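Each chain, written out:
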Amino acid sequence: MASDSPRANLKPLSLYVPEPKFRPGDTVDFTEVTIPAAGSVRRPDIADPADSFIDLAYELVRVLDHESQAVGPWNPRLSPDTLRAMLRSMALVRAFDERMFRAQRQGKTSFYMKCTGEEAVAVSAAFALDYEDMCFPSYRQQGLLIARGWSLVDMMNQIYSNRGDRLQGKQLPIMYSVKEAGFFSISGNLATQYPQAVGWAMASAAKGDTRIAATWCGEGSTAEGDFHSACTFASVYRAPVIFNVVNNQWAISSFSGFAGAESTTFAARAVGYGIAGLRVDGNDALAVYAATAWAAERARTNQGPTLIEHFTYRAEGHSTSDDPGQYRSEGEPTAWPLGDPVKRLKDHLIAIGEWDEERHAAQDKELAEQVKASQKEAEQNGILGHGLHQPLDTLFDGVFEEMPWHLREQQAQMLAEETASGRPWARKK
Amino acid sequence: MNMIQAINSAMEVVMARDPNVIVMGEDVGYFGGVFRATAGLQEKFGKTRVFDTPITECGIIGVAVGMGAYGLRPVPEIQFADYIYPALDQLVSEAARLRYRSAGEFTSPITVRSPFGGGIFGGQTHSQSPEGIFTHVSGIKTVIPSTPYDAKGLLIAAIEDNDPTLFFEPKRIYNGPFDGHWDRPSQNWSKHPAGEVPTGYYKIELGKAKIVRAGDALTILAYGTMVHVCMAVVTESGVDAEIIDLRTLVPLDIETVEASVKKTGRCMIVHEATRTGGFGAELSALVQERCFYHLEAPIERVTGFDTPYPHSLEWAYFPGPVRIGEALKKVMRT
Ligand SMILES: Cc1ncc(C[n+]2csc(CCOP(=O)(O)OP(=O)(O)O)c2C)c(N)n1
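For the protein sequence lines, the chains are S and A, in the order given.
Numbering of the first sequence is given in numbering that gives the first Met the number 0, commencing with residue 0 and proceeding in unit increments.
Numbering of the second sequence is given in numbering that gives the first Met the number 0, commencing with residue 0 and proceeding in unit increments.
Please note: incorrect hints may appear among the correct ones.
[What the hints assert, rightly or not] Calculated cross-link-like contacts (lysine-lysine; reagent style DSSO-like; alpha-carbon spacing at most 27 Å):
#1 K329/A / K261/A
#2 K209/A / K328/A
#3 K178/S / K375/S
#4 K209/A / K329/A
#5 K10/S / K328/A
#6 K209/A / K190/A
#7 K190/A / K262/A
#8 K262/A / K328/A
#9 K43/A / K20/S
#10 K20/S / K46/A
#11 K202/A / K190/A
#12 K43/A / K10/S
FYI, nobody ran anything at the bench for these hints, they're computed from the structure.
The structure presented is a predicted model; accordingly, all values stated were derived computationally and were not measured.
Just chain S, same shape as in the assembly:
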């Protein structure tokens, strides 16, 4: 298409398309990833203006050092009991993921998504937020529900779309909704929860409430328009909201460079909007806790929004429909320089003399049993693989508060057809 150009002595332009460092078969070397020493990043006062600590959007807040000690100004100084509770929740999330992944493979449900390697992101946040605060999660924050003590059986009922499913089988597995536990209904459409969280936070502020909102999305999702609309609103109205960007390096097969990671950090997205930006070691449960607590305090004292980038790694496939071996080096998950969040917190507790390997092994066994028992209980309500557990007529419930004529007509038609077909599907009425 190029014209016979009068600028013919100029070198032709070329299109840059990013490429990840490692592909299947490549040996992984993460030495280029900059990891500042634990404790080296300053901690501003929560009342400091956002533009006075722009540097923090390019740093990496870390608390746990090489010797598994908690160091530096971000050390949240949590009690051993709290640390043990966090470790327990994180281990439980992992056990839950293992079991449910297997359930999908056994044909018991249609779909599952693990958060392996990212357990600290949701669990630590849950510990740092108030139970009354509203979470607007993406699909990889099952840790919020588990850390908030929500029933595993209830979560599994949803995964199985069975008789006990509070969502009546209407949602894809793992797309939970638990208002009671401050857990907003998950959407399959990426980043839509971001402006919604801002709206909730603005409403809370407008009403003189004390509750704040927090929301999560992946680094890939920051490219969506909704992300940017949310930042603008949050900045303009100083909404009491925490934006969490979970930078786990991969968006299905696309590495973080396709969301802009080669040019800047995701925390730096905050800078252009005048929002406070923090970048934290997402595999350091204490750093995540400290950052969340700091951001929550800012929000609660009318200092406005904070955007936290959690620098982490997606250790498993994107979902049960994904095969990461097709697009990334097998060596990546183990070579990831920030380690395993569960192990790091465990090692810390051991290092301070508050835990040991025996207790940990016993706990893992106990949690596996707990998950297994929950699964057994949930499966009494049925599994998706066995067909239909929802009464047929519930298909029309919940489109509107009251059913208009055209839906009533369609419902009647459907029930008549089912009668004609002789299929033994259950009815509500």
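Given the structure of chain S, go ahead and fit chain A with the ligand onto it with the hints provided.
Below, chain A with the ligand without anything else, positioned relative to chain S:
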């Protein structure tokens, strides 16, 4: 070839002929797409012609419009049709009107590929059929294949077409035709004549429907997955129905539709999308306007219900043999 391979082959053939054709979208590059439809293309044509994009559907389509304005022929992929909504403004207000508002100075020769439809336990956000939203917009063409052979020929035509085209791929029949019974797998395309797909270049003209089964008793209008479900129902029922695969909704092959309904005197319309304001409503109005005096029975519509796609009850939602069979009896009774 199955339909995915045929679609892949279409892009390969056109890319080899025309250096201005480029393929872009979430995960389409190195990985070759979550359904593998673009597999191998980046290897063959390089990263500047086949590349992954940021996850922003409005960005993908907006950028494609700009590339089209330059003179390229972008073939963007929207990973699931359910995710086309963030791109709605770029498609509806920009791509669809560029030619009109610039009096032909600029055009949008883009072809948006997107898997659509249910029957794969995809829940609310991997199952929708949004074609009716776009057929309502002036300036966009909508193409929906029902076989691998058609998919390739139609996709080549769409890419070579100078107008913006939506190419919706019925994902339920990517691997083979399907008779609509929820507990039966799809057949393999390799055993179906339309699975015989030439490796080279050929086109199927947009705006031409295909009579997949000739008959005298009634006309069934369908597209995509529903063509196969209707075929199975008709075979089972013994009714001498004429089944028309519309193949393109805009522009519609009204002549074939009109001639058939005037011949049979009865018309049934089948689609998976929700009913109210769906493309079936448009078809029904057209048939009523043009064939009223030939009709011996009211036009019947068989569609998805006016609810979101329910995950666990998806087989109650899906227009299957029971629903279509009952409707068939109803049209034939009058
Ligand atoms: C609007 C929209 N577009 C595309 C998709 C398909 N999709 C689902 S997950 C995903 C990748 C998301 O990556 P990221 O935001 O980094 O989160 P991660 O899965 O890594 O946690 C894509 C493209 C979608 N769900 N919604």
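Against the structure, the hints come out as follows:
1. K329/A / K261/A: With a Cα-Cα distance of about 19 Å, the restraint between K329/A and K261/A holds, given a limit of 27 Å.
2. K209/A / K328/A: holds, 24 Å
3. K178/S / K375/S: holds, 25 Å
4. K209/A / K329/A: holds, 25 Å
5. K10/S / K328/A: violated, 70 Å
6. K209/A / K190/A: Roughly 20 Å between the alpha carbons, so the hint for K209/A and K190/A holds.
7. K190/A / K262/A: violated, 32 Å
8. K262/A / K328/A: holds, 19 Å
9. K43/A / K20/S: holds, 21 Å
10. K20/S / K46/A: Satisfied, since the Cα-Cα distance of roughly 15 Å is no more than 27 Å.
11. K202/A / K190/A: holds, 23 Å
12. K43/A / K10/S: Roughly 25 Å between the alpha carbons, so the hint for K43/A and K10/S holds.
When held up to the earlier numbered hints, the structure conflicts with 5 and 7 and fits the remainder.
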